Amino acid sequence: MAMILEVVHPGGARTWHRLGDHPLTIGRGLSNDLILDDPYADARHARIGFDESGAPVIDDLGSVNGLIAHDARLPGRVALQSGAEIRVGRTVLRFRDADEPVPPALVDAIAPSAHRPSAKSASRSRRARWARRVVRWGRTPTGRLLTAATAAAAIALYSWLGSAERSSASSALFAALGFALIIALWAGIWAVASRVTVQRFHFVGHLGVASLVTLQGLAWGIGIEWVSFFFPDAGLSDFLSIAIGLLLLSTLVAGHLSLASGLSRQRQWRAGFIVAGTALLIGGLATLVEEESFSDVPTFSGVVKPVAGEWVPTATVEEFGGVMAALKGQVDEMARP
Amino acid sequence: MSSPRTLLLAASLVWTGALVAQQRSVTTSEVFSRYADRVVKIQVVETGSAAKATIGSGFFVSGSGHLVTNYHVISKLIHDPDRYRAELIDVAGAVQPVAVLGVDVVHDLAVLGTEMRPRSYFSLGPVGIAQGHRLYSLGHPEDLGLSIVEGTYNGHLPHTRHPRIHFTGSLNPGMSGGPTITQEGRVIGINVATAGNQLSFLVPVDRAAGLLGKVLGPGDDPAARTLAEVGRQLRDHQDAYLRDMFAGETKTVELGPYRLITEPAPFFRCWADATRRQELPYEKVRHHCSTDDYLFIAGDQSTGVVDLDHEMISARKLNRSQFFSLYTSVFAIDNTPGGEEEHVTSWRCGTRNVRNASLPMRAVLCLRRYRKLGELYDGVLKVAVLGRGDSGLVSTLTLSGVTFENVDRLARRYLERISWR
Numbered sequence: 000m001a002m003i004l005e006v007v008h009p010g011g012a013r014t015w016h017r018l019g020d021h022p023l024t025i026g027r028g029l030s031n032d033l034i035l036d037d038p039y040a041d042a043r044h045a046r047i048g049f050d051e052s053g054a055p056v057i058d059d060l061g062s063v064n065g066l067i068a069h070d071a072r073l074p075g076r077v078a079l080q081s082g083a084e085i086r087v088g089r090t091v092l093r094f095r096d097a098d099e100p101v102p103p104a105l106v107d108a109i110a111p112s113a114h115r116p117s118a119k120s121a122s123r124s125r126r127a128r129w130a131r132r133v134v135r136w137g138r139t140p141t142g143r144l145l146t147a148a149t150a151a152a153a154i155a156l157y158s159w160l161g162s163a164e165r166s167s168a169s170s171a172l173f174a175a176l177g178f179a180l181i182i183a184l185w186a187g188i189w190a191v192a193s194r195v196t197v198q199r200f201h202f203v204g205h206l207g208v209a210s211l212v213t214l215q216g217l218a219w220g221i222g223i224e225w226v227s228f229f230f231p232d233a234g235l236s237d238f239l240s241i242a243i244g245l246l247l248l249s250t251l252v253a254g255h256l257s258l259a260s261g262l263s264r265q266r267q268w269r270a271g272f273i274v275a276g277t278a279l280l281i282g283g284l285a286t287l288v289e290e291e292s293f294s295d296v297p298t299f300s301g302v303v304k305p306v307a308g309e310w311v312p313t314a315t316v317e318e319f320g321g322v323m324a325a326l327k328g329q330v331d332e333m334a335r336p
Numbered sequence: 000m001s002s003p004r005t006l007l008l009a010a011s012l013v014w015t016g017a018l019v020a021q022q023r024s025v026t027t028s029e030v031f032s033r034y035a036d037r038v039v040k041i042q043v044v045e046t047g048s049a050a051k052a053t054i055g056s057g058f059f060v061s062g063s064g065h066l067v068t069n070y071h072v073i074s075k076l077i078h079d080p081d082r083y084r085a086e087l088i089d090v091a092g093a094v095q096p097v098a099v100l101g102v103d104v105v106h107d108l109a110v111l112g113t114e115m116r117p118r119s120y121f122s123l124g125p126v127g128i129a130q131g132h133r134l135y136s137l138g139h140p141e142d143l144g145l146s147i148v149e150g151t152y153n154g155h156l157p158h159t160r161h162p163r164i165h166f167t168g169s170l171n172p173g174m175s176g177g178p179t180i181t182q183e184g185r186v187i188g189i190n191v192a193t194a195g196n197q198l199s200f201l202v203p204v205d206r207a208a209g210l211l212g213k214v215l216g217p218g219d220d221p222a223a224r225t226l227a228e229v230g231r232q233l234r235d236h237q238d239a240y241l242r243d244m245f246a247g248e249t250k251t252v253e254l255g256p257y258r259l260i261t262e263p264a265p266f267f268r269c270w271a272d273a274t275r276r277q278e279l280p281y282e283k284v285r286h287h288c289s290t291d292d293y294l295f296i297a298g299d300q301s302t303g304v305v306d307l308d309h310e311m312i313s314a315r316k317l318n319r320s321q322f323f324s325l326y327t328s329v330f331a332i333d334n335t336p337g338g339e340e341e342h343v344t345s346w347r348c349g350t351r352n353v354r355n356a357s358l359p360m361r362a363v364l365c366l367r368r369y370r371k372l373g374e375l376y377d378g379v380l381k382v383a384v385l386g387r388g389d390s391g392l393v394s395t396l397t398l399s400g401v402t403f404e405n406v407d408r409l410a411r412r413y414l415e416r417i418s419w420r
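Chains D and Z supply the protein sequences, listed in that same order.
Just so you know, numbering that gives the first Met the number 0 puts the end of the first sequence at 336, numbered straight through with nothing missing.
Just so you know, numbering that gives the first Met the number 0 puts the end of the second sequence at 420, numbered straight through with nothing missing.
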């Protein structure tokens with residue numbers, strides 16, 4: 000029964016190797032059969048071979064950090080069984096059965112049909128191909144730097160459009176510079192964290208992640224302003240803000256973790272949602288406490304937008320009376336001793 | 000151009016420097032020696048710590064120990080009768096407890112009762128005097144001892160909803176509730192407020208006579224000196240002058256393309272102001288009308304002001320997006336009256352885009368309620384006219400200490416009255 004060696008490299012990348020009849024040496028040295036990019040591995044760290052009865056074993060070749068399983072250092076030689084998991088430095092070796100069943104393939108909605116593709120589905124697949132290409136390009140250093148530059152430009156534009164001072168250009172420049180400084184600091188902190196966990200800085204990567212989330216946040220922020228302008232009464236904008244806040248924050252955390260940890264994608268997102276959920280919960284509780292506590296400063300949605308009168312959905316003065324009556328109910332409740 | 004800020008005269012017990020009674024002429028010293036024993040110091044004391052919380056002045060108006068003072072001197076007692084007590088200190092230094100027998104919160108008056116029987120007192124009655132008549136004000140400025148201040152009578156203020164006498168003389172905190180009299184000892188008014196620089200205000204004596212008449216009338220009514228009575232007086236008062244405001248023919252003012260309400264009643268005072276500066280890429284024109292009639296409730300909480308504010312902004316060198324960003328920031332400025340948690344709830348606001356017969360606008364109403372005064376509210380209606388790219392109008396109506404019916408009624412009329420020129 001053939002055995003498969005699954006190698007989980009620091010950083011989370013995985014490779015698979017079929018174990019044959021010949022021994023296999025493992026280490027950082029370039030003369031090895033399996034070369035590890037792991038500073039905690041010795042030049043010649045371990046060898047996979049066979050014992051006298053022909054059963055597969057792994058030998059520690061006198062390495063500094065040894066072979067680790069379940070957080071304990073193993074003796075010099077260990078017999079291998081499928082399902083075993085052994086750590087060499089920060090690299091994990093998993094031994095799996097070649098006959099291990101795998102789940103069926105997912106149906107790819109955007110894959111072209113095997114039969115005559117319709118014009119519609121052909122264009123759809125073309126678009127999908129383009130989308131994939133853009134995403135792939137976005138992950139290159141150039142793409143990430145361009146994302147950061149776009150975010151800075153967007154911040155500058157937003158600041159310029161929102162400035163009613165004569166020196167609007169300089170305030171836009173300052174906003175962009177401030178953004179660049181903060182995001183560089185942020186990416187720097189994550190880069191240092193990545194260096195510790197996966198031995199890679201990924202500064203540009205972290206810069207790209209943070210910039211992308213900033214861009215999305217800006218777009219959503221503007222979107223919500225417009226929603227609350229057109230529909231000030233619906234709790235819609237509050238609900239949207241929370242949902243989008245949750246999504247953006249978890250995207251940010253998952254994005255950074257994809258560069259700074261060996262977690263699977265599912266776990267990155269789970270961590271993202273946990274962090275975002277906690278932050279929102281704390282924020283929500285703080286808002287609740289604030290609402291309960293007394294303030295003589297009112298909060299209201301005072302956004303006005305340049306929209307022709309006929310495009311704005313409006314209530315009648317009579318309907319506004321209903322708003323006033325509802326407010327009376329609220330303050331009467333608050334005045335109750 | 001700004002409205003004179005009146006300071007209530009109850010001293011906050013802060014040393015502000017010596018102020019010596021002015022006794023410039025023989026006549027003044029005669030007046031003082033003749034009437035000093037009719038004037039007392041009134042102090043409100045916290046029962047627990049025995050510390051003075053407010054001091055003011057008062058004067059005897061009957062042989063059976065009735066005194067007149069300001070409502071704001073003894074308001075703490077009305078709000079918190081378990082925590083405070085009031086006492087008088089006469090010219091000889093004798094201390095005697097006093098009880099509140101009646102209040103008139105609108106005119107800022109109170110009648111007190113005591114066991115003490117004064118040897119002499121002021122009779123309250125109508126007095127006719129001409130502008131320029133010499134008057135003498137008595138009281139305890141800054142708790143420095145009984146003092147006399149000379150000044151002149153300058154008639155009634157023209158723009159107030161409730162009457163105030165304009166007295167040209169230096170009233171100071173602590174003199175609140177003291178009498179201002181003629182040389183012959185006739186009371187003209189009760190010291191109530193100052194705007195500094197010898198610009199002082201008195202409550203006309205007939206209001207005090209009216210309140211005293213009520214107190215001396217048949218049957219003692221304990222309810223007449225409770226917070227509920229204060230609330231009732233405020234409700235009746237606001238209803239009398241607000242019910243018909245903005246209804247029927249109302250004066251209007253034109254600001255750019257907008258036509259707006261102005262000076263809705265004779266007791267409103269209006270000002271206009273424009274901001275046009277070379278370095279600003281926009282212009283602002285402001286039109287503002289307000290009543291001057293603050294009604295004191297307690298502490299820093301006052302009520303009773305009705306205020307209309309129109310601010311037109313127009314873009315000179317701004318693009319549409321920049322202009323609306325400015326418009327939003329002007330609309331979002333908070334100009335609601337302040338408040339204390341003890342007296343009012345937090346604000347609750349509702350926003351809608353509203354269209355009246357003439358134009359579309361963004362309307363926000365913020366409302367809060369008084370905690371102890373029954374059905375009284377503060378309401379602030381803010382409106383921003385929509386639909387123009389180069390100019391905008393933010394209009395604010397502030398109503399304080401009014402019933403919800405009047406907030407509702409006036410807000411609707413106000414919304415209906417904003418129109419294009």
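Fair warning: there could be bad hints in the mix.
Lysine-lysine pairs mimicking DSS-like chemistry, simulated, CA-CA at most 27 Å apart [as the list claims (entries may be wrong)]:
no.: 1; chain 1: D; residue 1: K304; chain 2: Z; residue 2: K283
no.: 2; chain 1: Z; residue 1: K250; chain 2: Z; residue 2: K213
no.: 3; chain 1: D; residue 1: K327; chain 2: Z; residue 2: K371
no.: 4; chain 1: Z; residue 1: K213; chain 2: Z; residue 2: K371
no.: 5; chain 1: Z; residue 1: K51; chain 2: D; residue 2: K304
no.: 6; chain 1: Z; residue 1: K283; chain 2: Z; residue 2: K250
no.: 7; chain 1: Z; residue 1: K51; chain 2: Z; residue 2: K371
Here are the in silico distance ranges between beta carbons for each label pair [what the hints assert, rightly or not]:
no.: 8; chain 1: Z; residue 1: S357; chain 2: D; residue 2: I273; range: 47 to 55 Å
no.: 9; chain 1: D; residue 1: L239; chain 2: Z; residue 2: T249; range: 38 to 46 Å
no.: 10; chain 1: D; residue 1: F238; chain 2: Z; residue 2: T249; range: 48 to 56 Å
The set of hints was computed from the structure by calculation and includes no laboratory data.
Predicted model, so just to flag it, every value in this text is computed and none were measured.
Where a beta carbon is used, it is the ideal one built from N, C-alpha and C, also for glycine.
Hints, verified against the model:
| no. | hint | result |
| --- | --- | --- |
| 1 | D:K304 / Z:K283 | holds (19 Å) |
| 2 | Z:K250 / Z:K213 | violated (39 Å) |
| 3 | D:K327 / Z:K371 | holds (16 Å) |
| 4 | Z:K213 / Z:K371 | holds (24 Å) |
| 5 | Z:K51 / D:K304 | violated (55 Å) |
| 6 | Z:K283 / Z:K250 | holds (22 Å) |
| 7 | Z:K51 / Z:K371 | holds (24 Å) |
| 8 | Z:S357 / D:I273: 47 to 55 Å | holds (54 Å) |
| 9 | D:L239 / Z:T249: 38 to 46 Å | holds (42 Å) |
| 10 | D:F238 / Z:T249: 48 to 56 Å | violated (42 Å) |
When the structure is compared with the earlier hints, violations turn up for hints 2, 5, 10 and for no others.
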